[in-house]
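Asker: Protein sequence lines, in the order shown, are assigned to chains A and B.
So the numbering used here is basically just the index in the first sequence, starting at one, shifted up by 896.
So the numbering used here is basically just the index in the second sequence, starting at one, shifted up by 896.
Simulated from the structure, these hints should not be mistaken for lab results.
Some hints here could point you the wrong way.
Put simply, identical chains are the same to the list, so a pair is met inside one copy or across any two.
To be verified - List of simulated lysine-lysine pairs, DSSO-like, C-alpha gap at most 30 Å:
no.: 1; residue 1: 1007; residue 2: 989
no.: 2; residue 1: 1013; residue 2: 945
no.: 3; residue 1: 918; residue 2: 1007
no.: 4; residue 1: 987; residue 2: 1007
no.: 5; residue 1: 900; residue 2: 1007
no.: 6; residue 1: 1007; residue 2: 945
no.: 7; residue 1: 987; residue 2: 918
no.: 8; residue 1: 900; residue 2: 989
no.: 9; residue 1: 945; residue 2: 900
no.: 10; residue 1: 1013; residue 2: 918
Number of protein chains: 2
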Amino acid sequence: MTAKTWAYEDFVEGASLDLGTKLVSAVEIIEFAGEFDAQAMHLDEAAGKASILGGLAASGWHTCAMFMRMLCDAFLLDSTSQGAPGVDQVKWKRPVLAGDLLSGSTTVLAKRLSRSKPRLGLVTMRSELFNQRGEGVFELENTVMFLTREGSA
Amino acid sequence: MTAKTWAYEDFVEGASLDLGTKLVSAVEIIEFAGEFDAQAMHLDEAAGKASILGGLAASGWHTCAMFMRMLCDAFLLDSTSQGAPGVDQVKWKRPVLAGDLLSGSTTVLAKRLSRSKPRLGLVTMRSELFNQRGEGVFELENTVMFLTREGSA
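I would like the entire structure built from these sequences, with the hints used as guidance.
Answerer: Here it is in structure tokens:
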């Protein structure tokens, strides 16, 4: 196995990692909604405009999935990640609309080695996404498991 | 607009709603992962078996999306839902593997009318999914906004 750039040791409390950008397209919003969340405001521009979301808006779960892709591309796929047991909190702060350009970052809040598995560490992260106007649209906190360098060697 | 079956008034504290079933296919797991969460254990049977997940396992976000589809089909698409501001907690308790048959329910924990918008109510729900062995694989708590009957008339 090729050594990954990011192991448990490489995460520093207080450090922030850039998540790049993601342009949200109407086609992707409608495709995701058609499969998983077929509420009218996620499928149709007019219905979205008539709703409190104010336009064709991504399903909140689609925003979660787009965030995950940004996290993967930023560092997760080049890490010793072993997955996560869940999510502590997700906030859909503002609608994510067709044409929005998302950007964001992930900040390391805390880290500790597993008590039962010494080659595994737990990294608690807080992530935020913003739209092209700098408005916060999404926040997430969760804890991801990473192998140590020794554990992944 | 056709009247929806489920408005704010129809949710009863303590009542449970059946979410039906969902068969999880390898093709769907790989398709979702390829787009949003391309970690090896979500893309490849052998990599999944070698991981702590023990098989080709759905991305946790895919499980969230499949849950949302079950919720939509069970009652949400036939409701006055106005969306949700976020999620309080998601637990990925056990791996969701290719071939698993998910079932589950949503229980109404609490409800109250919005203080600022009298035609809107907030319903707090706890949802659980189980696999074909009755093992809990997923839990979620969140609060969904529904219009009252009057508000949606």
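Asker: So, for every hint listed, does it hold in this structure?
Answerer: Against the structure, the hints come out as follows:
no., hint, in the structure
1, 1007 - 989, "both (27 Å within a copy, 21 Å between copies)"
2, 1013 - 945, "between (51 Å within a copy, 19 Å between copies)"
3, 918 - 1007, "within (28 Å within a copy, 36 Å between copies)"
4, 987 - 1007, "both (22 Å within a copy, 20 Å between copies)"
5, 900 - 1007, "within (19 Å within a copy, 47 Å between copies)"
6, 1007 - 945, "between (43 Å within a copy, 27 Å between copies)"
7, 987 - 918, "both (18 Å within a copy, 27 Å between copies)"
8, 900 - 989, "between (34 Å within a copy, 27 Å between copies)"
9, 945 - 900, "between (45 Å within a copy, 20 Å between copies)"
10, 1013 - 918, "neither (36 Å within a copy, 34 Å between copies)"
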